[in-house]
Amino acid sequence: MMKVLMKGNEALSEAAIRSGATLYFGYPITPQNEVGEYMSRRLPTIPGGAYIQAETEVAAINMVYGAVSTGRRALTTSSSPGVSLMMEGISYLAGAELPAVIVNIMRGGPGLGNINPEQADYFQAVKGGGHGSYRLTVLSPSSVQEMADLVVLAFDLADKYRNPVMVIADGNLGQMMEPVELAESYPNDHDRSSWALTGAKGRENHTITSIFLEADEMEAHVHHLYAKYAEIEKAEVRYEEYMTEDADVVLVAYGIVSRVVRTAVEQLREQGIKAGMVRPITLWPFPKAVLQELAQRARFFLSCEMSMGQMVEDVMLAVNGQRPVYFYGRCGGHVPTPAEIVAEVKKRV
Amino acid sequence: MQKVFERPKSLNEKPFHYCPGCGHGIVHRMLAEAIDELGLHDRTVLISPVGCSVFAYWYFNTDNVQAAHGRAPAVGTGLKRANPDSIVISYQGDGDLASSGTAEIIHAAARGENFTVIFINNAIYGMTGGQMAPTTLVGQTSSTSPYGRDPKFAGHPLHVSELLATLKAPRYIERTSLNNVVNLTRTKRAIKKALDLQQKGEGFTFVEVLAMCPTNWGVDPSEAVDWMESSLMPEYPIGVFRDARPGEAKS
Chain A
815 MMKVLMKGNE ALSEAAIRSG ATLYFGYPIT PQNEVGEYMS RRLPTIPGGA YIQAETEVAA
875 INMVYGAVST GRRALTTSSS PGVSLMMEGI SYLAGAELPA VIVNIMRGGP GLGNINPEQA
935 DYFQAVKGGG HGSYRLTVLS PSSVQEMADL VVLAFDLADK YRNPVMVIAD GNLGQMMEPV
995 ELAESYPNDH DRSSWALTGA KGRENHTITS IFLEADEMEA HVHHLYAKYA EIEKAEVRYE
1055 EYMTEDADVV LVAYGIVSRV VRTAVEQLRE QGIKAGMVRP ITLWPFPKAV LQELAQRARF
1115 FLSCEMSMGQ MVEDVMLAVN GQRPVYFYGR CGGHVPTPAE IVAEVKKRV
Chain B
2 MQKVFERPKS LNEKPFHYCP GCGHGIVHRM LAEAIDELGL HDRTVLISPV GCSVFAYWYF
62 NTDNVQAAHG RAPAVGTGLK RANPDSIVIS YQGDGDLASS GTAEIIHAAA RGENFTVIFI
122 NNAIYGMTGG QMAPTTLVGQ TSSTSPYGRD PKFAGHPLHV SELLATLKAP RYIERTSLNN
182 VVNLTRTKRA IKKALDLQQK GEGFTFVEVL AMCPTNWGVD PSEAVDWMES SLMPEYPIGV
242 FRDARPGEAK S
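Line by line, the protein sequences are chains A and B. Here this note's numbering is used: the first residue of the first sequence is 815, the next is one more, and so on. Here this note's numbering is used: the first residue of the second sequence is 2, the next is one more, and so on.
Note that these hints are calculated values from the structure, not bench results. Positions of the beta carbon are idealized from the N, C-alpha and C atoms, including for glycine. Hints may be right or wrong, so weigh each one.
Restraint-style ranges between C-beta atoms, simulated for each label pair [what the hints assert, rightly or not]:
#, chain 1, residue 1, chain 2, residue 2, range
1, A, T870, B, D244, 25 to 31 Å
2, A, N1002, B, N181, 51 to 57 Å
3, B, T167, A, L926, 29 to 35 Å
4, B, E7, A, A1049, 49 to 55 Å
5, B, P238, A, M991, 56 to 62 Å
6, B, P147, A, A1029, 31 to 37 Å
7, A, L926, B, L164, 27 to 33 Å
As a list, the in silico DSS-like pairs of lysine-lysine whose alpha-carbon atoms are at most 25 Å apart [said to hold, decoys possible]:
#, chain 1, residue 1, chain 2, residue 2
8, A, K1015, B, K193
9, A, K1015, B, K169
10, A, K1042, A, K1102
11, A, K974, A, K1048
12, B, K189, B, K201
13, A, K1015, B, K201
14, B, K15, B, K4
15, B, K4, B, K189
16, B, K169, B, K153
17, A, K941, A, K1042
18, A, K1015, B, K15
19, A, K1015, B, K153
So that you can see chain A by itself, here it is in the shape it has in the complex:
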């Protein structure tokens, strides 16, 4: 395999195509426009491929709902305000147990905000955003290579559990260029024959729905969903640890911030402070166990984010009062610097 230089948005697009997602539905919004542009070039040249510039993000997510109902893979991408518009459809996808992949290249907010990178849609992705009792599997890349790799994983997990997966990446990751290695193709061999809408020929008809009028039926359906989510929590937690073996101070960061924190950890070590980092790759399921274990010996935790503090609440839940959990964040498009994070740690040592 050869390494090629790609933008994060392009890498995720090509990875989706090579995972068999040759249907794309989206609406222009910065900073993720490269995805739609890439797909509009590539997909019409692929047999069975289709690119549609939807009238709205609301329509885009519902086109995905229809497309994945047939058992094919489909992708939609957007950025924060557009993802807000998709929340209705995402709740329906989860309720109807459809395997879709949604990528959010996060920008500044609230409201129209700006087109600079932020990580302030963590709550929306991880805690709900749409209505009702449901969970999304949420993945967070921290490099252009991972933009591709985690989109491949997203399609696999979506199919494996018949549940939508959201990849959230700050705007930096969409825009920056790095070398990427891609396989010629990725597996796309899940058996969807028991539910996909391919026409009721020689079999019972299939129905995809999320409405359950009777209280007993509705409760049973939600319990079924949550049993599935429990399996995901058991089997799919992913994270990276960096210099945590002897860490007194554990920094927690994801996305572009984790790369800054890595440098900060090295600088702190040079100054004699035993720092380490946990980088969640799955934001849901959240890597609780590793934080609980580190809480046995670390002195405190510091969650670093490009928001006013969202993931920090999950760090607190994991640490469960055993150790202090602090927060440092920037927003508006500011990326915290290693120096800021070093200073923040030294304030507490």
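Please build the complex by placing chain B on the supplied structure of chain A, with the hints as guidance.
Using the frame of chain A, we list chain B on its own:
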């Protein structure tokens, strides 16, 4: 003895949940007959909307998908683009299609998506209990226009067939009515024609059916037909609004 009348094969045996005198049961039957007659059962995916026909999938033994309010044409777009060999039917009411889903229906029509929309227009919200719809007539009372729809505050009804007929892409647009036997026959013919055009890959097809809702109009089923003829049909003239390939002048 020869059997001359039977349940369409595309309908199962579940009794309809619709109110007495409602138009949905009639249109369900015609749609199932058209699917059977064209031999499309094995390829059909029916989209149920939000509204009284949210459970259309209870009755059709074709493949089914239930869509969010108003979004059926977007869902249909995804279904059809993913599987162009399927026959996609979006079955929607007037609250769903003409209010919540105006963007979706207009853009699916403008793209000339090759599927069929059956649009049931009864000038009111049925399932939620008789609220004013975008299609409610001026002066018509409803649970949210208790003094009659006042155009000063609530505007005028939306004429969806006429609106879509301004677009270049749609292949076939017809409005029919369920008020008498002649028009029932026309409705069935329109539905069958729409499905046949879709089968031939000719593009976007749209059949608007004026239907009665005695329950929410507050009348008995026979008075409902009278009101359709005296009030609804003058506002929404029946007829063919488009029957031409995109770019061909005839319409």
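Hints, one by one, checked against the model:
| no. | hint | result |
| --- | --- | --- |
| 1 | A/T870 x B/D244: 25 to 31 Å | holds, 30 Å |
| 2 | A/N1002 x B/N181: 51 to 57 Å | holds, 53 Å |
| 3 | B/T167 x A/L926: 29 to 35 Å | holds, 32 Å |
| 4 | B/E7 x A/A1049: 49 to 55 Å | holds, 51 Å |
| 5 | B/P238 x A/M991: 56 to 62 Å | holds, 59 Å |
| 6 | B/P147 x A/A1029: 31 to 37 Å | holds, 32 Å |
| 7 | A/L926 x B/L164: 27 to 33 Å | holds, 30 Å |
| 8 | A/K1015 x B/K193 | holds, 21 Å |
| 9 | A/K1015 x B/K169 | violated, 35 Å |
| 10 | A/K1042 x A/K1102 | holds, 18 Å |
| 11 | A/K974 x A/K1048 | holds, 14 Å |
| 12 | B/K189 x B/K201 | holds, 18 Å |
| 13 | A/K1015 x B/K201 | holds, 20 Å |
| 14 | B/K15 x B/K4 | holds, 21 Å |
| 15 | B/K4 x B/K189 | holds, 20 Å |
| 16 | B/K169 x B/K153 | violated, 32 Å |
| 17 | A/K941 x A/K1042 | holds, 17 Å |
| 18 | A/K1015 x B/K15 | holds, 21 Å |
| 19 | A/K1015 x B/K153 | violated, 53 Å |
Checked against the numbered hints above, the structure breaks hints 9, 16, 19 and satisfies the rest.
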